[in-house]
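Novice: Starting from the given sequences, assemble the full structure and let the hints guide the process.
There are 2 protein chains.
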Amino acid sequence: MNIAAPSTENAGPFTRACVWHKLLANKVVEVAEKIKKLGQDDPRRIVHSLKVGLALTLVSLFYYIQPLYDHIGENLIWAVMTVVLVFEFSVGATLGKGLNRMLATFSSGALGFGVHYLATLAGEKGEPIVLGFFVAIIGATVTFVRFFPTMKTRYDYGLLIFILTFTLVSVSSYREDKVLRMAHQRVTTIIMGSFIAIVTCICIRPIWIGEELQNLVANNIEKLGNFLQGFSGAYFKISEDGQPLSDKPFLQGYKSLLTSKNSEETMANLARWELWHYRFGFCHPWKQYVKVGTLTRQCAYKIDALNNYLNSEIQTFNEFGCKIQDPSTKICSESGKALRELASAVKKMNQSTSVNAHIENLKIATENLKSMLDTYHLKDAKLQDVIPPAEVALTLIDVVPCIVKIADAVHELASLAHFKTPATRVSP
Amino acid sequence: MNIAAPSTENAGPFTRACVWHKLLANKVVEVAEKIKKLGQDDPRRIVHSLKVGLALTLVSLFYYIQPLYDHIGENLIWAVMTVVLVFEFSVGATLGKGLNRMLATFSSGALGFGVHYLATLAGEKGEPIVLGFFVAIIGATVTFVRFFPTMKTRYDYGLLIFILTFTLVSVSSYREDKVLRMAHQRVTTIIMGSFIAIVTCICIRPIWIGEELQNLVANNIEKLGNFLQGFSGAYFKISEDGQPLSDKPFLQGYKSLLTSKNSEETMANLARWELWHYRFGFCHPWKQYVKVGTLTRQCAYKIDALNNYLNSEIQTFNEFGCKIQDPSTKICSESGKALRELASAVKKMNQSTSVNAHIENLKIATENLKSMLDTYHLKDAKLQDVIPPAEVALTLIDVVPCIVKIADAVHELASLAHFKTPATRVSP
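Protein sequences, first through last, are from chains D and U.
Its first residue numbered 14, the first sequence is counted upward by one per residue in our numbering.
Its first residue numbered 14, the second sequence is counted upward by one per residue in our numbering.
Be aware that a few hints might be false.
Identical copies carry no separate label here, and so any pair may be met within one copy or between two of them.
In the SDA-like style, the derived pairs of lysine to any residue whose C-alpha atoms are separated by at most 25 Å in a straight line are [to be verified]:
| hint | residue 1 | residue 2 |
| --- | --- | --- |
| 1 | K50 | A38 |
| 2 | K343 | Q311 |
| 3 | K165 | A45 |
| 4 | K47 | F160 |
Worth flagging that the hints you see were computed from the coordinates, not collected in a lab.
Specialist: Quick look at the structure:
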C-alpha cells in the first residue's frame, strides 16, 4: 500500500492539508495492519510482550515496598536490569541467560574481591596500578576465550557478564570500603531478578524451545514428504492439461529447509538448558535432532533439482517417458509415505512401525526402475526426448539413499530418546 | 589427542600419580594447542582481545582520577558497563551498538522523566500505581516492537536498552529526588563509555565489516570459478588414470556457500553503520552484495549436483561422451574465467572489462553444446552409457544463466557503487 504523494503544487492550503491528512491516515492504517499481521502470525508474541511487562512491574514492586528497599537500597537496579536482559522468548534461552548470569556474577565477584585484596597489599599508590593491570589481563583473556566455538555456543553471555562484573567489582573496590557487602547485595539482587524472569517465563504459557526444535525438524521432514507425494502427479500430468503445477504451495514448502542450518543449531544449544521439561526429561539427545536436520537438508538439495524439472518447458512424453512413469510414481508415493510417517513419529515421540515396510517397498521400486534403465535399449530416438525423463528418474534414484539415511537417523533418535512403542500394535 | 585412561587398578600410589600426571600434562598440551590454533587461524582475535583489555583499563582510569570521580561519582559504573557491552569485533557492530545505546538511553531517559512528572501529579499513594502501569505498558509495547523484522535487524539492542533505561529511570525516580541530575550523569557516562569503545575499536587495527563482506562475496564467487575451472579436468580425465579427483580442495571450496545466507545478511546490516569508511563512502549499496551473494548461492546448489557426478563410479566414455567433451570443457573454462574476473572486480572495486567477452564466448559454447544435444541421434546405444555425460552437459547448460545473472548483478553493483574504470585500458 505504498501511495505516491499526489501533486499539491497548485492546490490551496486546505486541499493540501486534506491530502496530507489522507496520506497520514493511510500510513497509520498500514502500520496497524502490519501490527495485526505480526500478532496473528504468532499470537505467542503478544503473550510474551505482556509477560515482559508483568515481570518488570513485579520487579519494580521492590522499590515501592519500604522494608525491602531499606534492606537492599540502590542495588535494586541490578534486579531490574537482570529482568530486562535475561527475559527471552523461550524457556531455554531465559534459563541459559539466567544461569549464565548468576554463575558468572558469583565467580567473577569472588575473583574481583581476591584481586582487591591483592591490590590493597600494594599500598595506596600501587593499588590503581595493580587493579588496572589485572583488569586489562583478565578482560583480554576472557575476551579471547569467547572465541572458542564450544564456549561461544553455550557460555558467551556468561563470559561477557564475567568481564563486566569483575571490572565493576575490582574497580569500584578502589572507592568503596564495604566491598564484600556490595558484592553480596549485587549477587542477591541478580538472583532475585533472574528468579522473577525465569518464574514468569515458565509459569505463564511457556514456550519450550525443545518442542519448537522437535516440531521444526518434524515439519521439515513432512515438507519433503509432501513434495515427493505431489511431485509425480505434477510432473507426469503436466502434459495432459498443459498447466504448470509448480506453483502449488506443497511444492514450494521445502525451500525454507535449504537455509535452516543456523536456526536448528541455535535451538539445539538452547534446548539443553531446559533441564527438566516434562516431556523430554534429562539428557535428551538434542544433537541427534541436528543430525536428522542436516540429513533432511541434504535431501532437500536434491529435491531442489527435481523442482527445476517441473519448471522446465512442457514436454510430451514419448514411449520412454511413459515407461518410467509407473516405477517413478511408486517411488514418489512410497518415499512420501515413509517421510510423513517419520515426521509423525518424531512429532508424537512414537517408534514408527510402518516405516520399514515403506522403505522396503521403496527399495524394490528403485531396483525395478534401475534395472529398467540399465536394460533399456535406445533403437532410434532423439536425445532431447529421452534426457529429461531419464534425469528425473535418476534424481529420484538418488533421493532414495537420502531417505534411508533420514530413516536410520530417526530410528537412532527413537532409541536414544526412548520413544514409546505404540500400544495398539501386537508384534507377531 | 584423546587418550583413554590406562588401567591403574593394580598399580601402587606412585605409579598411579605418575599416570595421572601424564594425562594432565597431555590435556594441558591439548588445550595449549587449541589456543595456538585459534590465534593462528585469525590473529586479529588476539588483537581484539588486547584492545578490549586496553579499553577497560582506559575507562577504569576515571575511577582513579580524583577530580573526575568527584564530578560523576558512582555513576561511572555505567561507563564501564558500556565499554564491556558495546565493544565488538568489527567497527560496524561496535558503532551500531554504541549509537543504539546512546540514542536509546537519551530518548528513554527523557520519556522516563516525563512519566515521573506525570506520576508525581497523582499524589504519594497514586505514584507507584501510575509508575507500575507505565512500566508494564511501555515494557510490553517495546518488547512487541522488537518482533518487527526491520526493527530486529538494526535496532534490537537499542530497543532493549530503551526498556532498561526507561524502567530504571522511572522506577528510581520514586526514591531519588535529583532525577534530572541522575539522568544527566547516566547519559554522560554512557556517551563516555561508547566513545572510548568506538575510538579504541577504530584507531587500533580496525576490522571493517564492510571489507569483510566484500571479501566474503568475492571469495565465494571465486570458489565457484575454481570449481568450474577444475571440474572438466576432473570429470573427463577420471577415466584415464582411474583416480577420483573429487577430494581436491578446490572442488570442495564451494560447500561453505550453501549455508552462508545468514552471515551475509548480518554483515550487510552491520556494514551500514560504518558510515564514513574511507573506501566505501556514504550510502554504499550493501544490499546489492546480499543480492550477489544470493545469486552465487543459487549457482552453488547446481554446482553441488555437478559435484555428485564426480563422486559416481568411474565410467568409460563412449562416442557420445567424447563428443560433448570439447564444448563442455569450453563452457567450464570460460565460466571459470568469467567468475574469477568478477571476483577480482568486486575485490578491487574495478569495473570488469573482459567479463563481457568471456560471457559472449560462454553463450556461444552453450549454443554449440545445445544444438549438438538437440540434433544428436541415438542409433544403437544403451541408455546407461548415454545418461551420465548427458546429465553433466545439461547441468552445465543450466549453470550458464546463473553465471549471467551473477555478472549482471555485479555490473549493477559496480554502477551503484561507482567502481573505477581501470586506467590502463583505452577504449577504441
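Novice: If a hint holds in the structure, say so; if it doesn't, say that too.
Specialist: These are the hints, each one checked on the structure:
1. Taking CA atoms no more than 25 Å apart as the test, K50 paired with A38 passes inside one copy only; the shortest distance there is 18 Å, against 59 Å between copies.
2. Taking CA atoms no more than 25 Å apart as the test, K343 paired with Q311 passes inside one copy only; the shortest distance there is 22 Å, against 30 Å between copies.
3. Taking CA atoms no more than 25 Å apart as the test, K165 paired with A45 passes between copies only; the shortest distance there is 18 Å, against 39 Å inside one copy.
4. In this homomeric assembly, K47 and F160 come within 25 Å of each other (Cα to Cα) only across copies, at 11 Å, whereas the closest approach inside a single copy is 38 Å.
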